[in-house]
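2 protein chains.
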Amino acid sequence: MDIYQLGEFGLIDQIKKKFPCKKKSSLLGIGDDAAIINFHNKLTVVSSDMLIEGIHFDLSYFPLKHLGYKSVIVNLSDIFSMNAIPSQILLNIAVSSKFSSDAIYEFYDGVKIACDEYNVDLVGGDTSSSVSGMTISCTAIGSVDKKKITRRDGAKPNDIICVSGDIGRSYMGLMILQREKSNFIKNPENQPELDNYKNLIEKQLRPKARNDIIEYLSRYNVIPNSMVDISDGISSDLGHISQSSNLGFKVFEEKLPISKEVRKISEELNTDYLSSALNGGEEYELLFSLSPENFKKIDKKESNISPIGFFTHNNKKTLVCKDGREDELKSFGWKHFN
Amino acid sequence: MDIYQLGEFGLIDQIKKKFPCKKKSSLLGIGDDAAIINFHNKLTVVSSDMLIEGIHFDLSYFPLKHLGYKSVIVNLSDIFSMNAIPSQILLNIAVSSKFSSDAIYEFYDGVKIACDEYNVDLVGGDTSSSVSGMTISCTAIGSVDKKKITRRDGAKPNDIICVSGDIGRSYMGLMILQREKSNFIKNPENQPELDNYKNLIEKQLRPKARNDIIEYLSRYNVIPNSMVDISDGISSDLGHISQSSNLGFKVFEEKLPISKEVRKISEELNTDYLSSALNGGEEYELLFSLSPENFKKIDKKESNISPIGFFTHNNKKTLVCKDGREDELKSFGWKHFN
Chain A
422 MDIYQLGEFG LIDQIKKKFP CKKKSSLLGI GDDAAIINFH NKLTVVSSDM
472 LIEGIHFDLS YFPLKHLGYK SVIVNLSDIF SMNAIPSQIL LNIAVSSKFS
522 SDAIYEFYDG VKIACDEYNV DLVGGDTSSS VSGMTISCTA IGSVDKKKIT
572 RRDGAKPNDI ICVSGDIGRS YMGLMILQRE KSNFIKNPEN QPELDNYKNL
622 IEKQLRPKAR NDIIEYLSRY NVIPNSMVDI SDGISSDLGH ISQSSNLGFK
672 VFEEKLPISK EVRKISEELN TDYLSSALNG GEEYELLFSL SPENFKKIDK
722 KESNISPIGF FTHNNKKTLV CKDGREDELK SFGWKHFN
Chain B
422 MDIYQLGEFG LIDQIKKKFP CKKKSSLLGI GDDAAIINFH NKLTVVSSDM
472 LIEGIHFDLS YFPLKHLGYK SVIVNLSDIF SMNAIPSQIL LNIAVSSKFS
522 SDAIYEFYDG VKIACDEYNV DLVGGDTSSS VSGMTISCTA IGSVDKKKIT
572 RRDGAKPNDI ICVSGDIGRS YMGLMILQRE KSNFIKNPEN QPELDNYKNL
622 IEKQLRPKAR NDIIEYLSRY NVIPNSMVDI SDGISSDLGH ISQSSNLGFK
672 VFEEKLPISK EVRKISEELN TDYLSSALNG GEEYELLFSL SPENFKKIDK
722 KESNISPIGF FTHNNKKTLV CKDGREDELK SFGWKHFN
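First to last, the sequence lines map onto chains A and B.
For the record, in the first sequence the residue sitting at position 283 is 704 according to my numbering, with numbers rising by one throughout.
For the record, in the second sequence the residue sitting at position 279 is 700 according to my numbering, with numbers rising by one throughout.
Worth double-checking, as some hints may not be accurate.
Identical chains share a label here; the pair holds if one copy fits it or two copies do between them.
Said to hold, decoys possible - BS3-like cross-link-like pairs, simulated, lysine-lysine; straight-line CA separation at most 27 Å:
(1) Lys568 x Lys444
(2) Lys676 x Lys737
(3) Lys743 x Lys671
(4) Lys721 x Lys569
(5) Lys463 x Lys444
(6) Lys437 x Lys577
(7) Lys568 x Lys751
(8) Lys567 x Lys443
(9) Lys486 x Lys602
(10) Lys685 x Lys568
(11) Lys438 x Lys567
(12) Lys443 x Lys619
(13) Lys567 x Lys671
(14) Lys567 x Lys463
(15) Lys743 x Lys607
(16) Lys463 x Lys737
(17) Lys607 x Lys737
(18) Lys444 x Lys676
(19) Lys463 x Lys568
(20) Lys567 x Lys445
(21) Lys676 x Lys751
(22) Lys751 x Lys437
(23) Lys569 x Lys439
(24) Lys533 x Lys438
(25) Lys718 x Lys443
(26) Lys629 x Lys439
(27) Lys567 x Lys602
By construction, these hints were calculated from the structure, which means they are not laboratory data.
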């Protein structure tokens with residue numbers, strides 16, 4: 422059905438049916454002027470992000486279901502990076518008349534999967550028409566005990582810098598998708614070859630938010646001194662902690678968790694794998710710092726956490742290369758208006 | 422300066438300086454992955470809205486400062502309509518390269534005025550580039566005692582239906598602006614004549630959220646049984662309460678607060694003033710229902726509140742015309758995808 426046949430209130434009704442509230446804290450969900458949330462004595466944590474067709478995603482290779490999923494994930498990731506647990510989201514979408522109601526439902530199917538997987542309720546938002554293309558704005562709300570919150574300004578000298586999972590995959594996935602798109606435009610009879618790049622593409626199209634790391638640290642009673650998620654690229658996000666905490670750092674090239682795949686495909690694409698791993702955004706891994714005492718407490722292997730360096734008193738941002746040479750780590754992460 | 426010279430993080434720094442946190446509940450504002458809010462034992466109320474150039478506003482007659490102001494107001498209005506007090510907002514904007522940094526600062530000047538006027542902190546959001554035009558998404562957060570909250574599903578039979586201020590002005594203001602724009606396109610040497618329409622245009626470009634009504638009712642210890650703000654048009658918004666509360670209503674034409682100006686300009690524009698007043702959106706007046714006992718308590722004149730009818734047991738939506746004839750009140754309010 423055409424979205425214009427269904428109408429705004431018809432669409433909202435359908436969304437409301439699809440997203441019944443499940444959390445105890447969601448007192449009122451979709452359908453009133455505002456949602457009502459009850460957090461008792463905890464701190465409320467709120468984050469909001471916008472995704473715009475042609476800037477943040479390209480629908481020619483981004484399936485709508487994955488887009489719905491990712492729209493939620495990028496916001497939940499911000500809540501996890503405060504060491505908080507997300508519980509509700511509000512989602513605004515604007516679409517032009519080129520979208521069918523089935524396309525919108527597919528998008529919301531992805532939203533639904535993310536909500537179920539991460540146990541959050543969709544409690545509000547706005548549906549609107551647009552002049553062209555699709556725009557998504559998501560706000561995530563979570564809560565946390567006052568003592569557990571992790572900010573980017575809390576890093577201490579000698580803190581061990583840790584990163585979850587591995588880096589560079591999402592960016593290489595994007596490079597592959599863009600290459601196959603441009604090949605397809607040149608020769609529409611060529612089928613895109615994506616099988617060899619599954620792990621890279623999946624990280625780009627369907628990233629995970631690292632709630633498992635939050636739960637893992639909590640099991641060991643470990644609270645990071647600082648934490649951010651890697652959305653702009655690890656060099657840029659490390660710079661955010663460094664600047665906010667007024668510290669320098671030393672990071673070791675050989676300690677960076679970069680998969681064989683990223684190295685191999687970088688060669689294939691004729692790009693520098695180290696630069697891709699350091700500057701590629703949209704990883705949604707957690708980057709955090711632990712006191713040496715806390716670092717000893719955790720089992721790094723079990724949790725897939727890599728120590729990559731430490732924070733220092735001085736303000737130098739240093740990358741120690743494999744050959745022992747020390748370079749200044751400059752960030753070339755994704756910035757808008759650049 | 423070009424927004425692309427300033428860069429994303431440069432822009433965020435400027436915004437951060439402009440919006441220091443003032444509320445006790447704003448523990449952490451702009452600059453981390455999420456904002457942190459402390460509401461103690463109150464309920465949290467959250468609402469989010471999106472405004473898109475070419476759909477919700479036309480920059481050829483909408484000054485950016487007013488747009489910044491209105492972007493905040495439309496969301497605060499949603500929080501007030503839950504009988505809650507807003508305390509924080511998050512604002513996402515996406516702009517194309519046609520916008521200078523001065524233009525963006527002008528927009529944020531309007532945001533700042535609204536924040537100061539309504540005593541709310543800007544605590545987060547996202548700044549992004551766009552393919553074309555400007556998109557704004559605002560999320561407002563507030564809090565309220567459990568006993569004071571007003572939902573749209575709480576209306577009771579015989580409740581007196583009340584509306585603050587007057588209706589139809591915002592819509593007529595929009596009609597005037599569109600007429601002057603089309604005259605200007607036809608003949609660019611004509612200066613738009615707007616002096617006679619100041620009250621109408623101001624309501625369209627710089628609406629107020631009715632926190633004064635919330636404070637007024639609170640002074641009289643009166644809690645409405647139901648409340649919404651008039652964003653879609655009074656007939657549509659009345660329909661929302663009616664449907665959610667499973668009640669009908671009787672509304673009296675002669676009781677509707679429609680200014681002489683709206684009647685006069687409707688005639689000039691050859692439109693029906695009653696239809697404009699009933700279906701025109703973006704009024705941001707409050708529409709609420711009071712038990713007859715509570716209604717007796719308040720001084721209607723002092724507060725500029727008009728009783729316009731009452732809710733009924735049956736599901737009939739009735740407009741009683743001036744001549745005593747009864748019509749079904751159908752809503753033709755603004756709906757997207759229609």
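Hint by hint, here is what the structure shows:
no., hint, in the structure
1, Lys568 x Lys444, "both (23 Å within a copy, 21 Å between copies)"
2, Lys676 x Lys737, "within (19 Å within a copy, 71 Å between copies)"
3, Lys743 x Lys671, "within (13 Å within a copy, 80 Å between copies)"
4, Lys721 x Lys569, "within (21 Å within a copy, 49 Å between copies)"
5, Lys463 x Lys444, "both (15 Å within a copy, 17 Å between copies)"
6, Lys437 x Lys577, "between (46 Å within a copy, 24 Å between copies)"
7, Lys568 x Lys751, "neither (33 Å within a copy, 54 Å between copies)"
8, Lys567 x Lys443, "both (25 Å within a copy, 20 Å between copies)"
9, Lys486 x Lys602, "within (19 Å within a copy, 41 Å between copies)"
10, Lys685 x Lys568, "neither (43 Å within a copy, 62 Å between copies)"
11, Lys438 x Lys567, "between (35 Å within a copy, 26 Å between copies)"
12, Lys443 x Lys619, "neither (34 Å within a copy, 48 Å between copies)"
13, Lys567 x Lys671, "neither (30 Å within a copy, 50 Å between copies)"
14, Lys567 x Lys463, "both (7 Å within a copy, 16 Å between copies)"
15, Lys743 x Lys607, "neither (40 Å within a copy, 69 Å between copies)"
16, Lys463 x Lys737, "neither (37 Å within a copy, 45 Å between copies)"
17, Lys607 x Lys737, "neither (46 Å within a copy, 62 Å between copies)"
18, Lys444 x Lys676, "neither (40 Å within a copy, 43 Å between copies)"
19, Lys463 x Lys568, "both (10 Å within a copy, 20 Å between copies)"
20, Lys567 x Lys445, "both (20 Å within a copy, 15 Å between copies)"
21, Lys676 x Lys751, "within (18 Å within a copy, 67 Å between copies)"
22, Lys751 x Lys437, "between (46 Å within a copy, 24 Å between copies)"
23, Lys569 x Lys439, "neither (33 Å within a copy, 29 Å between copies)"
24, Lys533 x Lys438, "within (11 Å within a copy, 38 Å between copies)"
25, Lys718 x Lys443, "neither (35 Å within a copy, 39 Å between copies)"
26, Lys629 x Lys439, "within (22 Å within a copy, 35 Å between copies)"
27, Lys567 x Lys602, "neither (47 Å within a copy, 53 Å between copies)"
The earlier numbered hints that this structure contradicts are 7, 10, 12, 13, 15, 16, 17, 18, 23, 25, 27.
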